[in-house]
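**Student:** Chain by chain, the residues:
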Amino acid sequence: QKEVEQNSGPLSVPEGAIASLNCTYSDRGSQSFFWYRQYSGKSPELIMFIYSNGDKEDGRFTAQLNKASQYVSLLIRDSQPSDSATYLCAVSRANDYKLSFGAGTTVTVRA
Amino acid sequence: ETGVTQSPTHLIKTRGQQVTLRCSSQSGHNTVSWYQQALGQGPQFIFQYYREEENGRGNFPPRFSGLQFPNYSSELNVNALELDDSALYLCASRQGTGGTDTQYFGPGTRLTVL
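So the protein lines, in turn, are chains A and B.
According to the working numbering, the first sequence is numbered sequentially starting from 1.
According to the working numbering, the second sequence is numbered sequentially starting from 1001.
None of these hints come from the bench; they were simulated from the model.
All residues carry an ideal CB built from backbone N, CA and C; glycine is no exception.
There could be a bad hint or two in this list.
[To be verified] Which stretches of chain A does chain B cover? Using the computed rule of at least three CB atoms under 8 Å from a CB of chain B, they are:
1) 39 to 49
2) 96 to 106
[What the hints assert, rightly or not] Short derived list, chain B residues pointing at chain A, Cβ under 7 Å:
3) 1060
4) 1087
5) 1107
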């Protein structure tokens, strides 16, 4: 079982719609959860982090965390063509030195 | 821009050669981690340096080694290159070593091994 799994994609959504990205993790000791966006040929860029159960909103992005279900998600509202990228879910344990990444979900926003 | 810089941008080597990649961390960040990202995969943790010492390592062989300097910049060295070492190598810096500390990635070095 992989440490972090994401829905495989690719995910195609029309402009203005909501894109929903899912991520599950296997280590119950995970404490910190991150979403990175990666454009083709570029490095990952942090867009959200969440540490507590519930929702966290930042602009058009909402991260949701459910530690009991070992599940974290990212919603992108009012999707724009500039949101077309690969989204990487990453988790880490408290006082740990590494991020464990999923393979990513590629999102394409159709104009 | 994260303030993390890496050099070179691209590199082509042949199997068996050795390579050194460099990273300058963001100002105020004393911890540097290196990741390998193969095509179509998420980044994989190689190792981390804190105050010039390696304090964490992923599942990579000893031919992957590193250094951190007093100014917190870092090097990744790979000996005896193999074809599977072809990947994007990412450096990430942060302040501190806790799991909640956000890591900021540099632009990466694209290594091709022929």
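**Student:** Work down the list of hints and note, for each, if the structure agrees.
**Tutor:** Verification of the hints:
{"no.": "1", "hint": "39 to 49", "result": "holds (count 6)"}
{"no.": "2", "hint": "96 to 106", "result": "holds (count 9)"}
{"no.": "3", "hint": "1060", "result": "violated (12 Å)"}
{"no.": "4", "hint": "1087", "result": "violated (13 Å)"}
{"no.": "5", "hint": "1107", "result": "holds (5 Å)"}
Violation of the numbered hints given earlier is confined to hints 3, 4; the remaining hints are satisfied by the structure.
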